[in-house]
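Enquirer: Residue numbers (this note's numbering), protein chains in the order written: chain D, 1 to 244; chain E, 1 to 244.
Simulated from the structure, these hints should not be mistaken for laboratory data.
Do not rely on the hints blindly, as some may be mistaken.
One copy or any two copies: either way a pair holds, since identical chains are not told apart in the list.
[Claimed, not checked] Restricting the straight-line Cα-Cα distance to at most 35 Å, the calculated cross-link-like pairs of lysine-lysine (DSBU-like) are:
{"#": "1", "residue 1": "K142", "residue 2": "K243"}
{"#": "2", "residue 1": "K243", "residue 2": "K22"}
{"#": "3", "residue 1": "K22", "residue 2": "K142"}
{"#": "4", "residue 1": "K142", "residue 2": "K24"}
{"#": "5", "residue 1": "K196", "residue 2": "K243"}
{"#": "6", "residue 1": "K22", "residue 2": "K196"}
{"#": "7", "residue 1": "K142", "residue 2": "K196"}
{"#": "8", "residue 1": "K24", "residue 2": "K243"}
2 protein chains.
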Amino acid sequence: MTTQPTAAMLAIGDELLSGRTKDKNIGYLADQMTLAAIELKEVRIVADDQDAIVAAVNALRERYTYLFTSGGIGGTHDDITADSVSAAFGLACIYNEEAMERLAASYERRGIEFNASRQRMARMPEGATLIDNPVSTAPGFKIGNVYVMAGVPQVFQAMLTNVLPTLEGGVRMISQVIDCSFGEGDIGTQLAEIQKAHPGTSIGSYPRFTETGFNTQLVVRGRDQAAVDAAGGAIRAMIEALKR
Amino acid sequence: MTTQPTAAMLAIGDELLSGRTKDKNIGYLADQMTLAAIELKEVRIVADDQDAIVAAVNALRERYTYLFTSGGIGGTHDDITADSVSAAFGLACIYNEEAMERLAASYERRGIEFNASRQRMARMPEGATLIDNPVSTAPGFKIGNVYVMAGVPQVFQAMLTNVLPTLEGGVRMISQVIDCSFGEGDIGTQLAEIQKAHPGTSIGSYPRFTETGFNTQLVVRGRDQAAVDAAGGAIRAMIEALKR
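Using the sequences plus the hints, can you model the full thing?
Expert: This is the structure we're talking about:
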């Protein structure tokens, strides 16, 4: 088995932790990673606090193939992601030339002054490369294996769309979803035996509360079609036997 | 200034990281912590993986006043939160007597066999106390400063409702929200000066993308009413001056 690429996400912002803003980027990234066959292993949310950001960036970038961040790259005093990521890498946080040019051109076209606050959005670690922002110009950036993107969902999604084709995916995960009208209590023991008998797969059991009470959705995941089919078959046989 | 209570959340589950399930508990907890005047400082999401859960539980329970977990406490093989939290504390994971009694009584009432899989839901660290589950009986538990709750949102919310009155809150955070029709680029420099002049407050700037383009919501937070009022007044004066 070859090594599979892994990923982590770091969502940055006081507003996520106070409840003011409900994050929409984590679920979006999770979906996109699954499609790209990159395994999202961990997510963290931290405040706009340099020490917290530096600690999380360093823990996650060392442990996983890719780290994606959201938030804190605007032009106001509470946008400290660029400074914090620079500090995490031990790099100077500079005004990136290409970013300055893009922003200057965009503001000139619109007849808006390119003032100090707007110039702040061009700050990033020395040696970073830009991530295009087709929505509102101000670019994200990549440094090492860290992709720094905006927190506004429309911009985050647009930036991620630009990043995805540059990532190396793994062997795609195959999954089978099996609806089960029995609760976990009815199937738990047998399901554990099926999991043991099919070690090349990962079987998840998800209880759901619906109008008719609790039922269960079973998901078989794996990278080998035959192994996933075999585990799925065993689960369906178990459910049929229970119905008799 | 007295020390304010802090909190962290650990959401556990492969399904959150694959995108299959979109978490609804983090935002809910964030809102409830703000209402309870407990500062939510960090959130992590990890897979159903004992090493990952143990590492996160120990990092977070040592750093914050309270740690809340969601997910992985059902009766199937992939529910490993009780074992993992026990391992994090170096405690045996046992069948809690009171939980066994509650579950046995509930299943007896409903004429359902209390089998091995259902008994698994009574497993928790030795010395844990129960968190009531009015929705589906199987209790959560508290051990030390860690509150272990279900992942199904209806159950998570019901458990948290039972836990909240037992927590010690801090001095309530006061906030003022000010809508600003100017973009961050227009106000960034002045806003940074206002923040510097009002150190007892925390001023957040949140760009939003709406039909009319980018505008900004400004939020002043603090624990002293006069300080928050003063900063809010300075921000409104800035906006009025820009309109002229």
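Enquirer: Are the hints correct? Go through all of them and say.
Expert: For each hint, the structure was consulted:
1. K142 x K243: For K142 and K243, the Cα distance exceeds 35 Å both inside one copy (54 Å) and across copies (37 Å).
2. K243 x K22: For K243 and K22, the Cα distance is within 35 Å only across copies (31 Å; inside one copy 41 Å).
3. K22 x K142: both (25 Å within a copy, 27 Å between copies)
4. K142 x K24: This pair counts as both: shortest intra-copy Cα distance 21 Å, inter-copy 30 Å.
5. K196 x K243: within (23 Å within a copy, 68 Å between copies)
6. K22 x K196: For K22 and K196, the Cα distance is within 35 Å only across copies (28 Å; inside one copy 38 Å).
7. K142 x K196: Result: close only across copies, 31 Å inter versus 42 Å intra.
8. K24 x K243: between (40 Å within a copy, 33 Å between copies)
In the structure shown, a violation is registered for the earlier hint numbered 1 alone.
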